[in-house]
Amino acid sequence: MTASGNSFKRPREVTFDRLHTFHGGLRLPGHREITANRPIGKVDIPPLLTIPLQQHIGNPGKCLVKPGDTVYKGQVLAEAPGRFSVPAHASSSGTVIAVEERLIPHPSGIKENCVVIETDGRDRGADQQQDAIDYLQIEPARLCELIQQAGIVGMGGAGFPTQIKLCSPKQHIELLLINAAECEPYISCDNRLLQERATEVVEGIRIMRHGVQPDACIIAIEDNMQAAEEALRAALDAVNETGITITRVPEIYPSGGERQLIRILTGREVPGQGYPADIGIVCQNVGTAAAVYHAVSKRQPLISRIVTVTGEGIAQPQNFECLLGTPVSQLVSAAGGYTKDVERLLIGGPMMGYAVQNDNIPVIKTTNCILAVSREEMPAPPPAQPCIRCAKCTDVCPADLLPQQLYWYASSNNYDAAQDYNLFDCIECGCCAYVCPSHIPLVQYYRHAKTEIWTQEAQKQAADIARRRHESRLSRLQRIKQQRADRMARKKQALAGDDGGKDAKKSAIQAALDRVKHKKEQTSSTPKNTDNLTAEQQRLIAEADVRRQQKQSGNNN
Amino acid sequence: MEFKTYSSPHLPVSGSVSVMMLRVLLALIPGTFCAFWIFGWGVLFNILIAAITALLAEAMVLKLRGRSALAGLLDGSALVTAVLLALALPPLTPWWIPVIGSLFAIVIAKQLYGGLGYNPFNPAMAGYVVLLISFPLELTLWSAPGAHPGFMDTLSLIMTGNLPAGQSLDAVTMATPMDSIKTRLGMSETLSEIHNSPLFGSFAGAGWEWINLWFLLGGLWLLQMKVIQWQIPAGMLGGLAVIAFIFYAVNPDIYSTPLFQLFSGAAMLGAFFIATDPVSASTTPRGRIYYGIGIGLLTYIIRTWGGYPDGVAFAVLLMNLAAPTIDYYTRPRVFGQGGGNTP
Ligand code: SF4
Ligand code: SF4
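Just so you know, the protein sequences line up as chains A and B, in that order. Numbering-wise (our numbering), the first sequence opens with residue 320 and increments by one. Numbering-wise (our numbering), the second sequence opens with residue 504 and increments by one.
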């Protein structure tokens with residue numbers, strides 16, 4: 320790879336100009352207009368910031384601060400323990416008052432190790448500023464390092480560390496796909512980001528393109544986001560960028576899902592347990608692109624993000640930019656507080672988001688939406704009825720599964736059959752449950768089944784390890800015993816005398832025969848085809864053994 | 504502040520079983536009304552008797568099983584079963600025929616197997632076939648199209664088996680077109696001769712053609728409302744038409760036209776309302792097509808060479824048997840599991 324002036328290679332003749340479709344999916348009511356048309360608001364620096372040490376897939380980092388430490392804005396709080404992780408940063412300046420378990424946004428309402436910072440309101444940065452970099456002048460590998468150091472993870476939801484996607488592929492990447500399709504209802508943070516900061520996004524995309532060196536680069540945008548699309552076009556024109564194209568995709572949930580989007584744009588399917596890079600594609604979200612721009616060009620780590628705060632339970636729905644670690648409650652106050660009929664609080668969208676009990680949780684890198692809804696807006700689900708096998712779920716499943724079969728097996732705890740029906744290819748998009756006329760909470764069953772299977776796996780693995788340890792100890796003891804016996808036998812033979820080479824050969828054969836027999840008795844898992852050997856066959860094997868041994872000792876000399 | 508938690512997805516659900524069943528009932532109205540027009544009050548009496556029996560039976564069994572009877576009745580599935588069974592019965596059949604049929608359908612074919620969602624056979628057709636086998640005579644009591652007895656006469660005939668003095672049963676009943684084709688082919692008449700009789704209308708059986716047409720319209724509405732999917736009706740009507748065409752092309756003297764087959768007997772009712780009963784049908788997208796084709800072919804075979812007037816009921820039950828196997832062999836290719844890339 321070169322670091323020369325224009326590092327971008329002209330695209331080869333790979334064109335992605337035809338749209339494809341995926342099976343199933345839903346047209347959902349959008350509910351985005353209110354927030355998509357209002358500017359991104361600002362949220363004050365909160366008095367307390369709660370920053371989980373692990374905000375991403377990967378291992379938690381080692382904490383570098385302790386209570387009482389003063390920290391500056393952008394200071395590393397926990398270092399990344401490896402290539403597959405990213406560090407956590409202080410979002411503002413202040414004093415660390417605790418490093419302890421706190422509630423974090425999670426479907427099961429769990430607690431995680433967090434650094435709690437009492438802010439000083441001065442928002443003081445590091446003493447010496449780091450110089451901005453011209454990304455074209457640096458190696459892609461260094462770029463990835465910068466991105467990792469800035470703590471960037473996929474901001475569309477999954478929170479996969481960005482540098483892994485950008486930098487590890489061994490394959491040649493044909494397409495860098497930028498995901499601007501917000502397919503879940505209510506969410507508009509990417510839409511607003513594009514309308515207001517398209518230039519930053521475009522710069523971020525160019526930086527990532529420099530890192531990935533793809534043949535083509537496409538921004539996929541939903542066909543109902545005209546304003547955002549115009550802003551993007553203007554930003555591309557302003558820098559005379561012709562190597563990035565914009566493609567409109569139909570607004571069908573879940574077209575913004577990575578696998579579905581790739582299918583729409585390229586007609587290719589990411590293998591079930593694989594990654595987009597396996598088929599020559601890297602997919603990144605627009606929010607991530609903006610974060611990359613800040614990380615590389617401005618040398619600022621990821622310490623803030625845009626969050627959509629909306630729903631009928633919110634007085635003034637709007638998008639806000641807030642520091643990571645800001646409590647959800649403060650974000651809601653910034654949006655005018657709750658209305659009186661608020662009933663449910665969701666993190667994420669209404670299809671894949673999760674309900675939380677409590678708003679005293681921090682905003683983290685993947686928090687794209689806070690959705691407070693009223694009872695009328697999303698009434699409690701009606702009681703479930705028996706599955707009538709209408710197959711409406713099958714017709715909408717974007718993963719081409721048979722949800723009613725999965726449900727059947729998951730609800731009867733027949734996990735083997737559920738896996739046979741590809742339970743783990745379910746992306747938990749919720750389409751099936753949405754259309755089910757019997758109101759069966761299908762996704763809940765799938766999630767439960769997956770967790771059960773994982774637990775069983777883990778238990779089995781633990782048991783396996785224990786068994787292997789036990790077995791290897793047994794066989795070691797046996798070996799020692801055998802060796803001792805062998806030694807004794809040899810000694811005896813030496814004492815008994817001088818019968819020469821022929822006898823030695825015979826006894827070696829005998830010893831080999833014994834070993835075979837011994838092995839058979841002792842190993843619990845006998846190799847399959849040695850069970851019913853005749854004496855003749857055993858003798859042949861033993862002779863071969865002897866020959867092999869002789870040959871080996873010959874080779875060693 | 505404490506919030507309520509539910510599992511995703513959170514958007515309010517989009518439909519319900521009751522609404523589906525209600526739409527099925529609505530879609531049946533035009534065809535039912537046409538049948539009433541042509542065959543008289545008996546059609547409505549059948550529906551009424553079957554419906555009351557079915558609802559009572561369903562409520563009772565649910566009570567015995569310790570379930571909520573009200574919730575069971577409100578899902579509407581028992582009512583749909585009763586109406587479908589009633590529509591298959593001849594209009595002048597005695598009252599106990601729909602009663603027995605309904606009882607069998609609800610108690611044995613549906614609830615004994617575990618209730619809604621667990622019945623391997625279409626309950627309405629199971630009830631019908633039991634009647635057909637046990638009481639073949641009572642199932643031939645079709646009134647003559649357009650010349651049916653009046654309200655009171657029908658009522659008395661159904662309830663007591665008696666007609667007002669001076670009228671005989673033979674005078675008010677008439678064989679169905681399909682029956683008479685069979686009999687008269689047996690007397691070595693050709694189809695073109697048979698078709699000249701007043702039993703035949705413009706393109707199929709007199710009266711029957713219109714009933715079928717209205718059921719077709721109701722079915723298309725169901726398709727449009729997405730209550731049913733296209734695969735089963737298309738498969739069944741397609742299968743029926745193709746095999747009918749092949750034999751008709753070979754010998755038009757003894758094999759009726761595809762059009763006649765499509766618009767006779769329970770063809771349209773079967774394709775859109777009976778074969779599409781979700782519980783007992785195939786559920787995979789490809790499987791539903793095969794399932795439909797199977798019903799179409801079997802219907803033709805039983806109609807043409809079997810001993811019974813119409814083949815839809817038997818065809819549906821036979822394919823019910825095959826549905827689990829069809830499902831097993833037609834599992835869709837899962838996203839990302841190879842072979843799905845379009846260049
Ligand atoms: S949509 Fe619901 S009722 Fe219909 S087959 Fe699927 S799980 Fe069963
Ligand atoms: S949640 Fe799973 S099974 Fe249901 S539609 Fe989505 S991918 Fe298919």
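Heads up, a few of these hints could be off.
Part of the chain A face toward chain B, derived, beta carbon under 8 Å [claimed, not checked]:
#, residue
1, Asn-356
2, Pro-669
3, Ala-674
Bear in mind the hints are in silico, worked out from the structure with no lab data behind them. Every residue, glycine too, gets a C-beta built ideally from N, C-alpha and C.
Verification of the hints:
Of the supplied interface hints, the one on Asn-356 (chain A) is violated, with its beta-carbon coming no nearer than about 22 Å to a beta-carbon of chain B, more than 8 Å. With its C-beta approaching chain B no nearer than about 4 Å, Pro-669 (chain A) sits inside the 8 Å limit, and its interface hint holds. Against a cut-off of 8 Å between C-beta atoms, the interface hint on Ala-674 (chain A) holds, since the closest Cβ of chain B lies about 4 Å away.
Checked against the numbered hints given earlier, the structure breaks only hint 1 and satisfies all the rest.
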